[in-house]
Amino acid sequence: MELLGSYWLRRALARLASLTVYEGQDTRTGMPVMVLVGAKGEPVEAEGSLKVLDRLEDALVLEWPLGAVPLSQYAGVADPDRLAHWVREIAKRLAALEAQGIRYAPRAELVLVKGRSVWLVGPGLEALAGEAAPALLELARLLAGPRWEEFPLRDVLARLARGEVGLEALWAPPPEEAPAPEAAKEKEAEARRLPVEVEAAEASPPASPGPPREEPTPSRPRVIRIEEPEDPPFPVVEPRSSRGGRRAVGLVLFLLLLLGAAGAYMGLFRPQGGAARDYPMEFRTDPPTEKALVYVLEAPEGAGLEPGSLLLEAPGRVRFPVPGVYRLRIQVPGREPVDYLLEVPGPPLTIKVR
-9 MELLGSYWLR RALARLASLT VYEGQDTRTG MPVMVLVGAK GEPVEAEGSL KVLDRLEDAL
51 VLEWPLGAVP LSQYAGVADP DRLAHWVREI AKRLAALEAQ GIRYAPRAEL VLVKGRSVWL
111 VGPGLEALAG EAAPALLELA RLLAGPRWEE FPLRDVLARL ARGEVGLEAL WAPPPEEAPA
171 PEAAKEKEAE ARRLPVEVEA AEASPPASPG PPREEPTPSR PRVIRIEEPE DPPFPVVEPR
231 SSRGGRRAVG LVLFLLLLLG AAGAYMGLFR PQGGAARDYP MEFRTDPPTE KALVYVLEAP
291 EGAGLEPGSL LLEAPGRVRF PVPGVYRLRI QVPGREPVDY LLEVPGPPLT IKVR
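For reference, each letter of the sequence shown is one residue, going -9 to 344 in this note's numbering.
Rather than coming from a laboratory, the hints here were simulated on the basis of the structure. Please note that the accuracy of each hint is not assured.
[Stated by the list, open to error] Below, simulated DSBU-like cross-link-like pairs (lysine-lysine); rule was C-alpha separation at most 35 Å, straight line:
#1 LYS82 to LYS104
#2 LYS82 to LYS30
#3 LYS104 to LYS30
#4 LYS342 to LYS104
#5 LYS342 to LYS41
#6 LYS41 to LYS104
#7 LYS281 to LYS342
#8 LYS30 to LYS342
#9 LYS30 to LYS41
#10 LYS41 to LYS82
Between the sequences and the hints, there should be enough to build the whole structure, so can you do that?
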(Lines of atoms letter the chains of each structure in order from A and count residues from 1; the text may use other names and numbers.)
(Lines give C-alpha, C1' and ligand atoms only; values in the text may rest on other atoms or scores of the structure.)
Protein backbone atom coordinates (compact mmCIF):
# COMPACT_ATOMS: atom_id res chain seq x y z
CA MET A 1 0.00 0.00 0.00
CA GLU A 2 1.03 3.57 -0.63
CA LEU A 3 0.69 6.46 1.80
CA LEU A 4 -0.46 9.87 0.55
CA GLY A 5 -0.57 12.42 3.33
CA SER A 6 -2.77 10.92 6.04
CA TYR A 7 -4.43 8.41 3.70
CA TRP A 8 -3.54 4.86 2.74
CA LEU A 9 -4.12 4.05 -0.95
CA ARG A 10 -5.42 0.48 -0.81
CA ARG A 11 -6.23 -0.27 -4.47
CA ALA A 12 -6.87 1.56 -7.74
CA LEU A 13 -10.49 1.57 -8.88
CA ALA A 14 -10.04 3.33 -12.23
CA ARG A 15 -7.21 4.81 -14.29
CA LEU A 16 -8.17 7.46 -16.85
CA ALA A 17 -6.05 9.83 -18.93
CA SER A 18 -4.90 12.11 -16.11
CA LEU A 19 -6.96 10.77 -13.20
CA THR A 20 -6.42 7.76 -10.94
CA VAL A 21 -9.13 6.84 -8.45
CA TYR A 22 -8.13 4.88 -5.32
CA GLU A 23 -10.02 3.17 -2.56
CA GLY A 24 -8.32 4.57 0.54
CA GLN A 25 -8.44 4.74 4.32
CA ASP A 26 -8.03 7.66 6.70
CA THR A 27 -5.18 6.71 9.04
CA ARG A 28 -6.49 9.03 11.76
CA THR A 29 -10.02 7.64 11.97
CA GLY A 30 -9.85 4.32 10.11
CA MET A 31 -12.80 5.40 7.92
CA PRO A 32 -12.88 4.45 4.21
CA VAL A 33 -12.37 7.29 1.72
CA MET A 34 -12.00 7.74 -2.03
CA VAL A 35 -8.84 9.48 -3.24
CA LEU A 36 -8.73 11.09 -6.71
CA VAL A 37 -5.11 11.71 -7.75
CA GLY A 38 -4.60 14.17 -10.62
CA ALA A 39 -8.14 15.56 -10.43
CA LYS A 40 -8.74 18.68 -12.53
CA GLY A 41 -11.87 20.77 -12.16
CA GLU A 42 -14.29 21.37 -9.33
CA PRO A 43 -16.62 18.52 -8.26
CA VAL A 44 -20.28 19.42 -7.93
CA GLU A 45 -21.98 19.24 -4.54
CA ALA A 46 -25.31 17.71 -5.63
CA GLU A 47 -27.75 15.11 -4.37
CA GLY A 48 -26.39 11.62 -4.94
CA SER A 49 -22.74 12.71 -5.32
CA LEU A 50 -19.86 12.16 -2.89
CA LYS A 51 -18.84 15.09 -0.69
CA VAL A 52 -15.29 16.48 -0.63
CA LEU A 53 -13.56 15.80 2.72
CA ASP A 54 -10.04 17.05 2.06
CA ARG A 55 -7.98 18.76 -0.65
CA LEU A 56 -4.34 17.81 -1.10
CA GLU A 57 -1.75 19.30 -3.42
CA ASP A 58 -2.61 17.02 -6.35
CA ALA A 59 -5.56 15.01 -5.07
CA LEU A 60 -9.10 15.22 -3.76
CA VAL A 61 -10.40 13.10 -0.89
CA LEU A 62 -14.11 12.19 -1.06
CA GLU A 63 -16.29 10.50 1.51
CA TRP A 64 -17.10 6.80 1.13
CA PRO A 65 -20.50 5.89 2.65
CA LEU A 66 -20.20 2.99 5.08
CA GLY A 67 -21.34 -0.26 3.50
CA ALA A 68 -21.35 1.10 -0.07
CA VAL A 69 -19.56 -0.83 -2.83
CA PRO A 70 -18.66 -0.03 -6.47
CA LEU A 71 -21.41 -0.97 -8.90
CA SER A 72 -18.88 -2.95 -10.95
CA GLN A 73 -18.97 -5.70 -8.29
CA TYR A 74 -22.46 -6.63 -9.53
CA ALA A 75 -21.39 -7.12 -13.17
CA GLY A 76 -23.21 -10.16 -14.54
CA VAL A 77 -24.76 -11.14 -11.18
CA ALA A 78 -27.29 -8.37 -10.46
CA ASP A 79 -30.99 -9.16 -10.53
CA PRO A 80 -32.63 -7.43 -13.58
CA ASP A 81 -35.27 -5.66 -11.47
CA ARG A 82 -32.67 -4.43 -8.96
CA LEU A 83 -30.40 -3.32 -11.78
CA ALA A 84 -33.31 -1.47 -13.41
CA HIS A 85 -33.84 0.50 -10.18
CA TRP A 86 -30.15 1.51 -10.09
CA VAL A 87 -30.23 2.59 -13.76
CA ARG A 88 -33.31 4.75 -13.12
CA GLU A 89 -31.66 6.40 -10.10
CA ILE A 90 -28.51 7.11 -12.14
CA ALA A 91 -30.66 8.57 -14.93
CA LYS A 92 -32.41 10.92 -12.47
CA ARG A 93 -29.06 12.22 -11.23
CA LEU A 94 -27.77 12.63 -14.79
CA ALA A 95 -30.88 14.62 -15.71
CA ALA A 96 -30.33 16.91 -12.71
CA LEU A 97 -26.69 17.43 -13.77
CA GLU A 98 -27.72 18.20 -17.36
CA ALA A 99 -30.13 20.82 -16.03
CA GLN A 100 -27.07 22.52 -14.46
CA GLY A 101 -25.11 22.26 -17.73
CA ILE A 102 -22.79 19.49 -16.47
CA ARG A 103 -21.84 16.63 -18.79
CA TYR A 104 -21.05 13.39 -16.94
CA ALA A 105 -20.42 9.89 -18.31
CA PRO A 106 -21.09 7.28 -15.59
CA ARG A 107 -18.76 4.30 -15.18
CA ALA A 108 -19.60 1.15 -13.21
CA GLU A 109 -16.46 1.36 -11.06
CA LEU A 110 -17.17 5.03 -10.23
CA VAL A 111 -20.75 4.55 -9.03
CA LEU A 112 -21.30 3.42 -5.43
CA VAL A 113 -24.45 1.58 -4.34
CA LYS A 114 -25.85 0.48 -1.00
CA GLY A 115 -29.27 -1.15 -1.04
CA ARG A 116 -31.41 1.21 -3.15
CA SER A 117 -29.11 4.23 -2.70
CA VAL A 118 -26.79 5.41 -5.49
CA TRP A 119 -23.83 7.86 -5.43
CA LEU A 120 -21.91 9.28 -8.41
CA VAL A 121 -18.15 9.90 -8.11
CA GLY A 122 -16.76 13.28 -9.18
CA PRO A 123 -19.39 14.94 -11.42
CA GLY A 124 -17.85 18.17 -12.67
CA LEU A 125 -14.28 16.85 -13.09
CA GLU A 126 -12.76 17.15 -16.56
CA ALA A 127 -11.68 13.51 -16.84
CA LEU A 128 -15.23 12.25 -16.14
CA ALA A 129 -17.07 14.52 -18.59
CA GLY A 130 -18.83 12.87 -21.53
CA GLU A 131 -22.13 11.94 -23.14
CA ALA A 132 -24.50 10.46 -20.57
CA ALA A 133 -26.80 8.41 -22.85
CA PRO A 134 -24.26 6.07 -24.56
CA ALA A 135 -22.29 5.71 -21.32
CA LEU A 136 -25.44 4.68 -19.44
CA LEU A 137 -26.25 2.12 -22.15
CA GLU A 138 -22.77 0.58 -21.92
CA LEU A 139 -22.95 0.56 -18.11
CA ALA A 140 -26.28 -1.30 -18.11
CA ARG A 141 -25.08 -3.77 -20.76
CA LEU A 142 -21.93 -4.51 -18.73
CA LEU A 143 -23.88 -5.10 -15.51
CA ALA A 144 -26.65 -7.19 -17.11
CA GLY A 145 -24.10 -9.47 -18.79
CA PRO A 146 -25.69 -12.64 -20.21
CA ARG A 147 -29.17 -11.49 -19.04
CA TRP A 148 -29.14 -8.39 -21.24
CA GLU A 149 -31.90 -9.73 -23.50
CA GLU A 150 -34.33 -9.95 -20.57
CA PHE A 151 -33.35 -6.58 -19.07
CA PRO A 152 -36.61 -4.52 -18.86
CA LEU A 153 -35.01 -1.17 -19.86
CA ARG A 154 -33.04 -2.51 -22.83
CA ASP A 155 -35.23 -0.96 -25.55
CA VAL A 156 -35.58 2.39 -23.78
CA LEU A 157 -31.80 2.63 -23.32
CA ALA A 158 -31.25 1.87 -27.02
CA ARG A 159 -33.69 4.63 -28.02
CA LEU A 160 -32.01 6.96 -25.53
CA ALA A 161 -28.59 6.31 -27.09
CA ARG A 162 -30.04 7.08 -30.55
CA GLY A 163 -31.44 10.37 -29.27
CA GLU A 164 -35.09 9.40 -29.80
CA VAL A 165 -36.10 9.93 -26.15
CA GLY A 166 -34.73 11.78 -23.13
CA LEU A 167 -33.50 10.51 -19.78
CA GLU A 168 -36.94 10.99 -18.23
CA ALA A 169 -38.24 8.13 -20.41
CA LEU A 170 -36.48 5.69 -18.05
CA TRP A 171 -38.68 6.53 -15.06
CA ALA A 172 -41.73 8.36 -16.51
CA PRO A 173 -44.84 6.17 -17.03
CA PRO A 174 -45.68 5.45 -20.69
CA PRO A 175 -48.38 7.77 -22.17
CA GLU A 176 -51.88 6.33 -22.43
CA GLU A 177 -52.77 5.39 -25.99
CA ALA A 178 -55.91 6.92 -27.52
CA PRO A 179 -58.64 4.37 -28.44
CA ALA A 180 -58.81 3.29 -32.06
CA PRO A 181 -61.50 4.97 -34.26
CA GLU A 182 -63.36 1.68 -34.83
CA ALA A 183 -63.56 0.99 -31.08
CA ALA A 184 -64.85 4.53 -30.49
CA LYS A 185 -67.56 4.06 -33.13
CA GLU A 186 -68.67 0.76 -31.57
CA LYS A 187 -68.91 2.39 -28.10
CA GLU A 188 -70.95 5.27 -29.56
CA ALA A 189 -73.34 2.91 -31.34
CA GLU A 190 -73.77 0.87 -28.17
CA ALA A 191 -74.53 4.04 -26.17
CA ARG A 192 -77.23 5.03 -28.70
CA ARG A 193 -78.76 1.57 -28.78
CA LEU A 194 -79.01 1.16 -25.01
CA PRO A 195 -81.96 3.56 -24.26
CA VAL A 196 -84.09 2.07 -27.05
CA GLU A 197 -83.73 -1.40 -25.65
CA VAL A 198 -84.59 -0.17 -22.18
CA GLU A 199 -87.73 1.62 -23.43
CA ALA A 200 -88.82 -1.48 -25.29
CA ALA A 201 -88.42 -3.49 -22.17
CA GLU A 202 -90.47 -0.97 -20.20
CA ALA A 203 -93.20 -0.81 -22.86
CA SER A 204 -93.72 -4.55 -23.02
CA PRO A 205 -96.97 -5.60 -21.25
CA PRO A 206 -96.65 -7.53 -18.06
CA ALA A 207 -96.96 -11.25 -18.39
CA SER A 208 -100.39 -12.70 -17.55
CA PRO A 209 -100.50 -14.56 -14.29
CA GLY A 210 -100.64 -18.29 -14.69
CA PRO A 211 -102.91 -20.67 -12.85
CA PRO A 212 -102.44 -20.69 -9.09
CA ARG A 213 -99.96 -23.27 -7.91
CA GLU A 214 -101.18 -25.85 -5.51
CA GLU A 215 -99.35 -26.27 -2.25
CA PRO A 216 -97.74 -29.73 -2.07
CA THR A 217 -99.02 -31.93 0.65
CA PRO A 218 -96.62 -32.08 3.55
CA SER A 219 -94.75 -35.31 3.72
CA ARG A 220 -93.66 -37.00 6.89
CA PRO A 221 -90.82 -35.18 8.64
CA ARG A 222 -87.33 -36.17 7.65
CA VAL A 223 -85.15 -37.83 10.23
CA ILE A 224 -81.50 -36.82 10.64
CA ARG A 225 -79.46 -39.87 11.51
CA ILE A 226 -75.97 -39.62 12.98
CA GLU A 227 -74.01 -42.81 12.65
CA GLU A 228 -70.99 -43.34 14.87
CA PRO A 229 -68.22 -45.57 13.52
CA GLU A 230 -67.50 -48.65 15.47
CA ASP A 231 -63.70 -48.03 15.36
CA PRO A 232 -62.33 -45.09 17.38
CA PRO A 233 -61.03 -42.08 15.33
CA PHE A 234 -57.56 -42.41 16.82
CA PRO A 235 -55.07 -45.29 16.74
CA VAL A 236 -55.02 -47.48 19.77
CA VAL A 237 -51.57 -47.74 21.31
CA GLU A 238 -51.00 -50.96 23.11
CA PRO A 239 -48.75 -50.73 26.18
CA ARG A 240 -45.32 -52.24 25.70
CA SER A 241 -44.18 -55.09 27.75
CA SER A 242 -42.12 -54.30 30.82
CA ARG A 243 -39.33 -56.52 29.50
CA GLY A 244 -38.72 -54.25 26.46
CA GLY A 245 -38.64 -51.12 28.67
CA ARG A 246 -36.02 -52.62 30.97
CA ARG A 247 -33.93 -53.55 27.95
CA ALA A 248 -34.01 -49.92 26.61
CA VAL A 249 -33.04 -48.49 30.00
CA GLY A 250 -30.10 -50.88 30.22
CA LEU A 251 -28.92 -49.89 26.73
CA VAL A 252 -29.00 -46.17 27.64
CA LEU A 253 -27.01 -46.77 30.83
CA PHE A 254 -24.42 -48.77 28.89
CA LEU A 255 -23.96 -45.93 26.37
CA LEU A 256 -23.57 -43.36 29.16
CA LEU A 257 -20.90 -45.47 30.84
CA LEU A 258 -19.09 -45.88 27.52
CA LEU A 259 -19.07 -42.10 26.89
CA GLY A 260 -17.79 -41.43 30.41
CA ALA A 261 -14.94 -43.89 29.98
CA ALA A 262 -13.96 -42.29 26.65
CA GLY A 263 -13.94 -38.81 28.21
CA ALA A 264 -11.79 -39.97 31.12
CA TYR A 265 -9.34 -41.59 28.72
CA MET A 266 -9.00 -38.41 26.65
CA GLY A 267 -8.51 -36.32 29.79
CA LEU A 268 -5.75 -38.59 31.10
CA PHE A 269 -3.80 -38.98 27.89
CA ARG A 270 -4.20 -35.43 26.48
CA PRO A 271 -0.78 -33.77 26.10
CA GLN A 272 -0.23 -31.10 28.74
CA GLY A 273 0.76 -27.54 27.90
CA GLY A 274 0.16 -27.54 24.14
CA ALA A 275 2.23 -25.13 22.10
CA ALA A 276 0.53 -21.77 21.73
CA ARG A 277 -0.12 -20.74 18.15
CA ASP A 278 1.24 -17.44 16.90
CA TYR A 279 0.66 -15.40 13.75
CA PRO A 280 3.81 -14.18 11.95
CA MET A 281 3.62 -10.88 10.07
CA GLU A 282 6.29 -9.29 7.91
CA PHE A 283 6.83 -5.53 7.72
CA ARG A 284 8.69 -4.09 4.74
CA THR A 285 9.84 -0.59 3.78
CA ASP A 286 10.05 0.98 0.35
CA PRO A 287 12.82 1.89 -0.29
CA PRO A 288 14.35 -0.90 1.83
CA THR A 289 16.99 1.47 3.21
CA GLU A 290 14.36 3.39 5.18
CA LYS A 291 13.67 2.53 8.82
CA ALA A 292 10.31 2.77 10.60
CA LEU A 293 9.37 2.25 14.24
CA VAL A 294 6.06 0.43 14.81
CA TYR A 295 4.26 0.95 18.14
CA VAL A 296 1.14 -0.78 19.50
CA LEU A 297 -1.76 1.54 20.39
CA GLU A 298 -4.56 -1.00 20.78
CA ALA A 299 -4.52 -4.80 20.71
CA PRO A 300 -7.22 -7.51 20.85
CA GLU A 301 -8.11 -9.04 24.19
CA GLY A 302 -5.63 -11.70 25.23
CA ALA A 303 -2.72 -10.33 23.18
CA GLY A 304 -0.82 -9.14 26.28
CA LEU A 305 0.69 -6.14 24.47
CA GLU A 306 0.92 -2.89 26.40
CA PRO A 307 -0.40 0.23 24.61
CA GLY A 308 2.50 2.42 23.51
CA SER A 309 5.06 -0.39 23.52
CA LEU A 310 7.49 -0.75 20.61
CA LEU A 311 6.52 -3.70 18.42
CA LEU A 312 9.49 -3.74 16.03
CA GLU A 313 11.76 -1.68 13.85
CA ALA A 314 10.82 -2.22 10.20
CA PRO A 315 11.87 -3.87 8.01
CA GLY A 316 11.45 -6.96 10.09
CA ARG A 317 9.19 -9.80 11.19
CA VAL A 318 7.00 -10.07 14.28
CA ARG A 319 4.78 -12.81 15.69
CA PHE A 320 1.37 -11.74 17.01
CA PRO A 321 -0.05 -13.86 19.86
CA VAL A 322 -3.73 -13.71 18.84
CA PRO A 323 -5.60 -12.85 15.64
CA GLY A 324 -7.68 -9.71 15.30
CA VAL A 325 -7.34 -6.01 14.50
CA TYR A 326 -4.35 -4.13 15.94
CA ARG A 327 -4.09 -0.35 15.95
CA LEU A 328 -0.48 0.59 15.22
CA ARG A 329 1.46 3.83 15.00
CA ILE A 330 4.18 3.99 12.34
CA GLN A 331 6.96 6.49 12.93
CA VAL A 332 9.43 7.33 10.15
CA PRO A 333 12.29 9.66 11.14
CA GLY A 334 11.68 13.18 9.89
CA ARG A 335 7.96 12.62 9.21
CA GLU A 336 4.71 12.81 11.14
CA PRO A 337 3.54 9.52 12.69
CA VAL A 338 0.71 7.65 11.00
CA ASP A 339 -1.87 5.42 12.71
CA TYR A 340 -2.91 2.24 10.92
CA LEU A 341 -5.42 -0.56 11.52
CA LEU A 342 -3.77 -3.94 10.84
CA GLU A 343 -5.79 -7.15 10.52
CA VAL A 344 -3.95 -10.31 11.64
CA PRO A 345 -3.44 -12.72 9.95
CA GLY A 346 -2.84 -10.96 6.66
CA PRO A 347 -0.38 -10.32 3.82
CA PRO A 348 2.96 -8.55 4.36
CA LEU A 349 2.67 -4.82 5.03
CA THR A 350 4.83 -2.48 2.93
CA ILE A 351 5.51 1.00 4.31
CA LYS A 352 6.21 3.31 1.38
CA VAL A 353 8.09 6.50 2.22
CA ARG A 354 7.46 9.27 -0.30
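These are the hints, each one checked on the structure:
no. : hint             : result
1   : LYS82 to LYS104  : holds (17 Å)
2   : LYS82 to LYS30   : holds (25 Å)
3   : LYS104 to LYS30  : holds (28 Å)
4   : LYS342 to LYS104 : holds (32 Å)
5   : LYS342 to LYS41  : holds (28 Å)
6   : LYS41 to LYS104  : holds (16 Å)
7   : LYS281 to LYS342 : holds (11 Å)
8   : LYS30 to LYS342  : holds (26 Å)
9   : LYS30 to LYS41   : holds (16 Å)
10  : LYS41 to LYS82   : holds (18 Å)
The earlier numbered hints are all upheld by this structure, with none contradicted.
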